[in-house]
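Chains as they are written, first to last, in the working numbering: chain G, 1 to 322; chain L, 1 to 269.
Treat the hints as calculated values from the structure; they're not laboratory data. Even for Gly, the Cβ is constructed at its ideal location relative to N, Cα and C.
Simulated coverage check for chain G against chain L, where a stretch passes if three residues somewhere in it have a Cβ under 8 Å from a Cβ of chain L:
hint	region
1	44-58
2	90-102
3	106-113
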Amino acid sequence: MAKEYVIEAKGLKKSYGSNQVLKGVDLKVERGTMLALLGPNGAGKTTTVRILSTLLSFDGGKVSVEGYDVVKEADKVRSVIGLTGQSAAVDELLTGRENLVMMGRLYRLTKRSAVARAEELLKEFGLEKAADRPAKTYSGGMRRRLDLAVSLIATPPIIFLDEPTTGLDPRSRLAMWAIIKKLMENGTTILLTTQYLEEADQLADNIVVIDGGKVIAEGSAAQLKGKVGKDRLELQFAGEKQFAEAVKALGKDVADKNEKDLSVTTIIKNTSADVRKTLDVLAKQKIEFESMTIHKPTLDDVFLSLTGKQAKKPAEKKKGKK
Amino acid sequence: MAVQLEFEKKPKLVLWVMDSLLMIKRSSTHIIRNTDQLLGTFFQPIMFLVLFATVFGGAISQALPPGVTYLNFLMAGIIVQTVAFGSTTTAIAVANDMQKGIIDRFRSLPMANLAVLNGHVISDLFRNGISTAVMIVAGLAIGFRTNANFVDWLLITGIVLLFTLAFSWLSAIAGVMAKSIEGVQWLSFIVVFPLTFASSAFVPLEGMNDGLKAFAENQPITHIIEAIRALMLGWPVGDHLWIATLWCLGIMVVSMVVASWLFRRKTSH
Ligand SMILES: Nc1ncnc2c1ncn2[C@@H]1O[C@H](COP(=O)(O)OP(=O)(O)OP(=O)(O)O)[C@@H](O)[C@H]1O
Ligand SMILES: [Mg+2]
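Go ahead and model the full structure; you've got the sequences and the hints to work with.
Set out below in structure tokens:
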């Protein structure tokens, strides 16, 4: 079967005044898969999502969702998509249940369907207890879940999630991931944006990395890692003497060295052969090392090498608190 | 999926009306749950009524036609003033929606987006209606007496509702245009304050200087107040009623068109 793309953007351009935010973005999402749009702050993720979900006009390029033109057939697009924006878009004064039922009705569900579906989603998202409280009393995580539930009320086949886990604690993040995984099992096509590599790595079939409004890399997580990364062997020495001897003995095999840590790194292409070779060199000259580690390339490395920026870690723990 | 989903299969026009009804329900719920504002709806008019009646009553009653008490004179003015200020909450409600993510949610739905404005305007009509009723009851309790018959009351109700709609739509324009929620305040200061105070709401026009009087005599609020006052006190209504009606209809239609146009422009990209 030929691949069927439900979301397609070609040469997408968008400027705010003289500030060109998108400089020709191309992306495609195959039916039933998830694409993660990965990029640092200000990369243009939200702008892209808003254009794809009919909320924002653009200056150049073509965009279609489920075969409909997002400009000319906005209404048709809106009936097949669900959007969870970067900031929670729920009605604060209405209860969780009221929010769900109202949005369901606005999606043109019959009253009975809307009520039944709301009940089902409240259960699924663990919001039963809070169902009849105004949403303004919800915690950040609950609000995010309600927001996602609202976009699923009419079970749209296509979902846009703009940074669904930003600001959530690790537990809420895992809960959100579980919900998203379940959506994927049900065959929903998802476009998710994130600043977290781990999230893209965990969830997405394909990843598009954007920075400064341009696609700078794309592929599966494994492909992206393969692009930058080779495995690396890091050896740690007990003293400066061993360290200096090792650097000399390994010669041009040394890819990186750190005098402070007394560590030496070599690149390994072929795990068993290259590791044995390195260790043999050291053994011959009786240079003892303290520990060794093999580093697999991470998306962090990919990100860093592509954008020159460090990626964010999910839910960075506050250090130094006792 | 456990729940089998059914969708409404009704003509577009019916669906649009349903959207508006849903939005009216939403905005009305806001009004009920917004307890601070609700207190304002009930107590502010009573406070104004009592304050004006007692503070200005003595000084102004000499300027009134013989036999007319200040409270009876004041009633029409204070109703219109309350409604005029009350309608500015439409601006706040609309601005609130426009500033927060919720408008994007509505826009991503296959609904008629203008229903959002309809919801705020119509629910404000309810709120102002209640405010007015509360004020009339309070007035009656402290000595307001009226000669109005049933038809007069119908006319009074009609003109108050029309005026509320007109000003709520005007207010909706401010709400749509505002770049922040505080940005709607010009409406109170530039439109509502001057119009209500430079009118016959609290004092008879006779005492004003010529320039102010010329303005006050011809501006819509005075006509609306005079029409209601005449109906309440059994005075001859004269031209006030139809001029007031035309003003209200005019303001309403123009504001509705402008607000909708601005809203569309802001929400369709
Ligand atoms: N309404 C606007 N007017 C002017 N500039 C804007 C507007 N919205 C976004 N921008 C600019 O467009 C660029 C991309 O913004 P966008 O919100 O798409 O980034 P993002 O990738 O979603 O970032 P974040 O991770 O912070 O959410 C930024 O430089 C931003 O300042
Ligand atoms: Mg963003």
